[in-house]
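J.: Spelled out from the first residue to the last, the chains are:
Number of protein chains: 2
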Amino acid sequence: MPQQTLYDTITEIAKRRGFYWPSFDIYGGMSGFVTYGDLGTKLKRNIEAAWKDFFVRKQGFLEIDDPLINPERVFRASGHLDNFKEYTAQCTKCGKGFRADHLIQDKTGLENVEAMGGDAIKRLMVEHRIRCPECGGELKEPTLILTMFKTEIGATGGETGYLRPETAQAMFMNFRWGFSHAREKLPFALAQTGKVARNEISPRQGMLRVREFTIMELELFFDPQSPGCPWLRHVENSVIRLYTEKMEAEGVKEPLIITIGDAVKQGLILTEWQGYFMGVGQAFMDVLGVPPEKQRFRAHLPEERAHYSAQTFDHEVKLETWGWTEISGCAYRTDFDLSNHMKASGLDMTVLREDGTRFVPHVVEPSYGLDRLTYVALEASYERRDKEKRNIFHLDRRLAPYQVAVFPLVTRDGLPEKAQQVRDLLLRRGFWVIYDEGGSIGRRYARADEVGVPLVVAVDYDTRDRDTLTIRDRDTWRQVSLTVAELPGVLESYFKGDKEFEDLGVPVVKE
Amino acid sequence: MPQQTLYDTITEIAKRRGFYWPSFDIYGGMSGFVTYGDLGTKLKRNIEAAWKDFFVRKQGFLEIDDPLINPERVFRASGHLDNFKEYTAQCTKCGKGFRADHLIQDKTGLENVEAMGGDAIKRLMVEHRIRCPECGGELKEPTLILTMFKTEIGATGGETGYLRPETAQAMFMNFRWGFSHAREKLPFALAQTGKVARNEISPRQGMLRVREFTIMELELFFDPQSPGCPWLRHVENSVIRLYTEKMEAEGVKEPLIITIGDAVKQGLILTEWQGYFMGVGQAFMDVLGVPPEKQRFRAHLPEERAHYSAQTFDHEVKLETWGWTEISGCAYRTDFDLSNHMKASGLDMTVLREDGTRFVPHVVEPSYGLDRLTYVALEASYERRDKEKRNIFHLDRRLAPYQVAVFPLVTRDGLPEKAQQVRDLLLRRGFWVIYDEGGSIGRRYARADEVGVPLVVAVDYDTRDRDTLTIRDRDTWRQVSLTVAELPGVLESYFKGDKEFEDLGVPVVKE
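Quick note, the sequences are listed as chains A and B, same order. Under this note's numbering, the first residue of the first sequence carries the number 1, and numbering increases by one thereafter. Under this note's numbering, the first residue of the second sequence carries the number 1, and numbering increases by one thereafter.
Certain hints may be false.
The list treats identical chains as interchangeable, and a pair is accepted whether it falls inside one copy or across any two copies.
[Unchecked claim] In silico lysine-lysine, BS3-like type, Cα no more than 30 Å apart, as pairs:
(1) Lys15 with Lys343
(2) Lys185 with Lys15
(3) Lys15 with Lys58
(4) Lys389 with Lys185
(5) Lys15 with Lys195
(6) Lys107 with Lys58
(7) Lys52 with Lys140
(8) Lys499 with Lys150
(9) Lys52 with Lys185
(10) Lys195 with Lys150
(11) Lys52 with Lys122
(12) Lys150 with Lys140
These aren't lab readings, by the way, just hints derived from the structure by calculation.
Whenever a hint applies, use it, and build me the whole structure from the sequences.
T.: Structure, rendered in structure tokens:
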């Protein structure tokens with residue numbers, strides 16, 4: 001029997017407890033789509049809120065929310081209609097299509113075959129005599145296939161439209177609004193979180209490659225002659241693990257360990273804004289439970305970069321099963337997009353400098369995939385305590401789907417009624433609360449740990465008789481005692497981050 | 001010159017200040033799509049959060065988040081493939097298509113023509129000699145056209161898919177997961193907020209009829225033999241304005257003013273769950289600024305009801321320009337959907353009663369359109385103070401896009417630096433803050449009113465010298481004074497609803 005991987009374990013718990021599972025399972029499923037249950041919906045929402053806290057709220061950046069369906073003109077202007085394609089090999093026997101680079105990688109163990117280009121891909125398919133992985137049939141020569149979802153807008157003789165494969169075009173199309181709203185001053189940024197769809201040829205890897213997913217990204221517009229980031233000092237001493245383009249080209253295995261400030265000074269990171277967002281991103285990933293040692297930034301080689309990019313760093317985290325995995329890209333898009341939209345729309349998107357010269361603003365874009373991060377948050381926070389046979393997700397208190405669980409010790413003597421009063425008190429104060437009276441208290445603690453609830457409030461005879469209760473910490477299993485009246489204020493302090501668990505009450509010493 | 005309507009006024013402010021505007025405007029636009037700017041994105045998010053607070057968090061209902069793209073099998077089972085259609089008349093000259101019922105309504109002033117059915121629609125088109133509204137050409141006889149967006153899943157020879165026109169099917173397809181997660185007990189509910197898309201034939205009315213929008217809905221599953229709602233008592237004394245099916249059929253003009261409890265007791269509302277959600281919905285709309293007197297619940301006539309419904313009430317609010325406007329439907333879907341999916345999937349979706357009998361659960365569904373509510377929140381909270389030439393949005397403190405603005409009185413003598421310290425203090429405490437030092441303080445107050453910021457903190461010489469500042473209330477323009485150290489705690493109490501404006505400090509008496 002093959003070894004169960006950590007990915008398998010997480011996937012099994014995710015399905016059993018209702019974080020997420022493959023979509024349309026009652027109709028035989030459809031690869032590339034995922035359904036989030038109660039816990040997953042809440043975890044995903046909390047990660048999104050944390051991202052906005054790190055990338056939008058504190059900087060005062062502007063948000064935007066644009067449609068998923070876009071008319072074809074948009075993607076003609078953006079270059080996607082020409083470029084958003086993958087080499088696809090179709091089977092002459094069963095008719096199914098497969099990504100040629102993936103087939104080559106599976107057969108040969110080579111990495112990043114996509115970056116080698118079409119000629120190499122065609123050659124490698126022949127050299128390695130690659131056949132259909134489903135039926136063994138002969139494959140046609142790979143051709144470039146557009147991987148956007150196509151539709152018709154207007155039910156009768158309308159216009160062709162596509163589902164957007166990224167959210168960035170909205171920020172470019174609405175640049176003029178943003179610039180005016182920012183009182184015609186650079187730098188400013190437009191941020192968006194929203195659904196995108198990519199018609200992947202043959203999606204695999206479950207949560208790591210889905211056809212419909214949520215992107216969180218922002219476009220920072222700046223003057224290339226005044227490229228300074230006023231907040232760089234907040235992150236310049238952060239140490240990152242960096243692979244430069246040169247290191248990548250030379251196949252260097254060990255990363256350069258360097259501060260962001262130095263990497264910018266030495267020109268390894270082209271702009272201060274990239275450096276800033278890489279630093280913010282590293283701190284954000286820490287909230288998801290990924291320490292800096294398990295993060296790295298890897299420059300794209302020229303042939304690997306998207307059509308719009310002058311320099312891109314993949315932000316990668318180390319997953320146990322999948323190894324180093326991209327969770328974000330930080331791209332220096334230059335003036336590529338605004339220039340294209342300017343040409344296509346005929347509208348002026350230039351900005352006037354004080355010296356009277358005009359220029360098209362440059363753009364730096366950090367971009368995160370929310371679905372993948374949801375998996376990362378689970379894997380990074382997972383602990384198995386074998387002795388106690390417990391699964392624990394040590395999710396940050398900002399991310400936990402439910403903040404607190406309320407348990408009556410037993411289901412008699414008025415304890416459930418008292419516990420329900422406590423639950424209602426917390427609901428009135430705005431907390432996300434689980435109430436659970438089913439099974440032994442030990443089993444209920446185990447269930448709470450397995451869904452990452454940071455605090456459990458236990459209601460016992462002391463609560464009924466003396467209005468005191470205990471709170472138990474998910475991570476240490478320690479307990480403190482306090483009065484019912486103190487509870488809401490204490491929990492508010494804890495979830496605001498003003499207090500640690502030990503400060504919430506009087507330690508309970510176990511006999 | 002035609003009179004400017006309130007809708008025009010709101011639309012103009014919305015565009016100018018960046019709440020929302022028509023999408024793809026740099027490429028000539030595309031009707032039926034809307035782009036939200038910074039303020040609109042935030043307002044919409046806050047309305048969604050309020051909805052979850054009213055409909056999900058307090059009841060402990062389960063959330064779910066399913067894909068927008070669904071394979072065809074799903075909509076075959078749900079009945080949408082046969083039923084999600086509109087009578088469409090295509091022009092023989094210009095080729096454009098139009099909704100026949102809308103054309104008839106425009107020409108004749110008749111209401112709700114859709115409900116009259118296909119024969120009546122075809123007859124009325126001929127009787128009133130209706131021609132193409134664009135080119136005057138002759139129209140073909142109306143035919144039923146599917147109004148879901150179609151696409152192909154899988155870029156090479158995949159499966160047909162559609163964008164979902166409602167989110168409800170996800171809750172039905174995942175009923176078995178929900179039931180198991182609810183420990184195999186009824187009643188329970190699955191709630192979802194998410195994007196849907198309807199390929200409207202000829203969308204009009206701007207924000208009130210868009211092709212891509214966000215729905216907030218939940219499916220409450222219950223045993224028709226135990227139809228009680230444990231929370232009905234929370235709303236049973238709420239007075240609603242009701243039009244029953246009988247009143248509608250008889251054309252009664254004045255609503256029945258009745259408590260929800262009585263309407264349920266008298267059988268006018270078929271189930272306690274509908275009554276409960278109608279009560280919650282009325283309270284929710286109060287947060288948006290719509291008092292009960294401007295709300296009503298109107299039963300659908302049998303021919304107007306969707307294919308799955310035994311009784312539906314439209315929840316309508318009175319808008320100045322558009323009159324009574326549907327913002328929600330509360331439908332009793334019976335066992336229609338689960339039975340269909342059971343048949344199509346071959347999976348058992350019945351539930352066992354204690355007496356050993358099996359049954360398919362019944363469903364009550366309240367469903368809200370978030371985009372329309374965003375407009376409603378603006379119109380309902382709008383005030384024009386002609387004397388002062390001010391626009392004010394009196395948005396509830398839970399909905400306001402920004403919670404607080406910080407203004408230095410003047411841009412010299414160290415006041416901007418002091419004001420930035422205050423801003424940073426509030427940002428660290430998690431508030432959404434606008435900082436503004438441009439123009440006279442009066443102009444800045446006017447700008448803040450026009451985007452609905454509840455509180456403005458003014459930093460003046462007293463702040464620099466004595467660490468005191470003033471807060472100004474958007475609604476009354478009154479001011480109170482307090483110390484910088486008190487500010488964060490005071491604002492937290494205000495936004496939690498624990499304190500009113502008058503309690504935030506010492507009243508400032510204007511000389």
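J.: For a quick check of understanding: which of the numbered hints are violated here, in increasing order?
T.: 6, 7, 8, 11
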